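Novice: Spelled out, the chains give:
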Amino acid sequence: MADDPLAPPAALAGDVTVPPAVAGAEPVQSVCTPIRLSYTYTPGKALSRYLRAMAERRILGERCGVTGQVFVPPRGVSPLAGTTTAGVVELADTGYVDSFNITRVPIERRPDLKPPYCSAWIVLDGASVGFMGLVINIAPEEVRIGMRVRAVWKPDDELETSAANILGWEPTGEPDEVIDDYERLGRADPGRA
Amino acid sequence: MLEYPFTRSTGPVIGAFLTGLREGVICGIRRADGTVLCPPLEYDPLTAEPLTELVEVGQSGEVLTWAWNGEPRPMQPFDRPFAWALIRLDGADTSMLHAVFADSPSDMSTGMRVRAVWRNEREGHIADIAGFDPVDADLS
Numbered sequence: 007m008a009d010d011p012l013a014p015p016a017a018l019a020g021d022v023t024v025p026p027a028v029a030g031a032e033p034v035q036s037v038c039t040p041i042r043l044s045y046t047y048t049p050g051k052a053l054s055r056y057l058r059a060m061a062e063r064r065i066l067g068e069r070c071g072v073t074g075q076v077f078v079p080p081r082g083v084s085p086l087a088g089t090t091t092a093g094v095v096e097l098a099d100t101g102y103v104d105s106f107n108i109t110r111v112p113i114e115r116r117p118d119l120k121p122p123y124c125s126a127w128i129v130l131d132g133a134s135v136g137f138m139g140l141v142i143n144i145a146p147e148e149v150r151i152g153m154r155v156r157a158v159w160k161p162d163d164e165l166e167t168s169a170a171n172i173l174g175w176e177p178t179g180e181p182d183e184v185i186d187d188y189e190r191l192g193r194a195d196p197g198r199a
Numbered sequence: 764m765l766e767y768p769f770t771r772s773t774g775p776v777i778g779a780f781l782t783g784l785r786e787g788v789i790c791g792i793r794r795a796d797g798t799v800l801c802p803p804l805e806y807d808p809l810t811a812e813p814l815t816e817l818v819e820v821g822q823s824g825e826v827l828t829w830a831w832n833g834e835p836r837p838m839q840p841f842d843r844p845f846a847w848a849l850i851r852l853d854g855a856d857t858s859m860l861h862a863v864f865a866d867s868p869s870d871m872s873t874g875m876r877v878r879a880v881w882r883n884e885r886e887g888h889i890a891d892i893a894g895f896d897p898v899d900a901d902l903s
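So the protein sequences, as listed, match chains U and G. Adding 6 to a residue's 1-based position in the first sequence gives its number in the working numbering. Adding 763 to a residue's 1-based position in the second sequence gives its number in the working numbering.
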């Protein structure tokens, strides 16, 4: 081993001796050690407002008093200006696909997500940032950046104070949004013409 | 809930230890000076020399230190209060962390004797040892 620095050490090369009770047995080569973190989240004022509005099929954002940008979900502060937000803005449940991803690998414990499925950043009409959601009622291969979508909500009797009330986003059939990356990155007034 | 279903490769030394657990034996590994580390390590913690000689150790041992766990959490070895303990098995020179099934802290003491309790269904995992039972000194 001293002669060849690249040779694996004996213990890792499998050059080990074992007691008789172990010698004849099929060797264990891997072990599953799952890690779980179960937590309770306290939403605070801004997200509480947002979640209560969700139960009424309304989407609330908040406006930055310095830049005019509208953030959703709201956190009560502007991440860019570092100030508390200036006011609540009700947003439409329509918008466009800003970017998207097609998942082809299933997730354990999420049998409801059947691959292939499309998750996307949706920029809501009136918002300055993307909002995560599934694009549904269209083949994932047909999803494109700029595609106009609207929210598909749970039935009224199933609404909760949760963003899970939005089952996904389906195409509206309107013409695609023309996206100017430079304009989008620095957008001061998110109001649509 | 956040969850990551990690699968780790065990390598020949830890793999042999886990294989032993599945077969109902506990293995340590011998250092150059003859002392035995249990659980086994791939390297000597003092000299960094690779270690390769796995040996069987006893299934009973001595509690070196312990802490009472009065409020067990999900996934812990026992759903009633129990003790975590460092247990030096007979034939080993180092100690293993595991659970001791005692009814109360007053049943625990440093130096007490304990014996491994095996699960019936074993898969090559540290939990193949369900825990350790106190051994009545008069009967052992």
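Incorrect hints may have been included.
[To be verified] Pairwise CB distance ranges, derived in the manner of DEER restraints: (1) U:Pro-122 / G:Thr-770: 44 to 50 Å; (2) G:Ala-811 / U:Thr-73: 53 to 59 Å; (3) G:Thr-770 / U:Thr-178: 41 to 47 Å.
If you're looking for bench data, these hints aren't it; they were derived computationally from the structure. All values reported here derive from a predicted model rather than from experimental measurement. Note that beta-carbon positions come from the ideal geometry of N, C-alpha and C, so glycine has one too.
Novice: Run every hint past the structure and note whether it holds.
Specialist: Right, here's what the structure says about each hint:
Take U:Pro-122 and G:Thr-770: their Cβ atoms lie about 25 Å apart, and the range 44 to 50 Å is violated. Checking the proposed 53 to 59 Å range against G:Ala-811 and U:Thr-73 shows it holds: the Cβ atoms sit about 57 Å from each other. Against the hinted window of 41 to 47 Å, the Cβ-Cβ separation of G:Thr-770 and U:Thr-178 comes to about 44 Å, which satisfies the hint.
Hint violations for this structure: number 1 only, all remaining hints satisfied.
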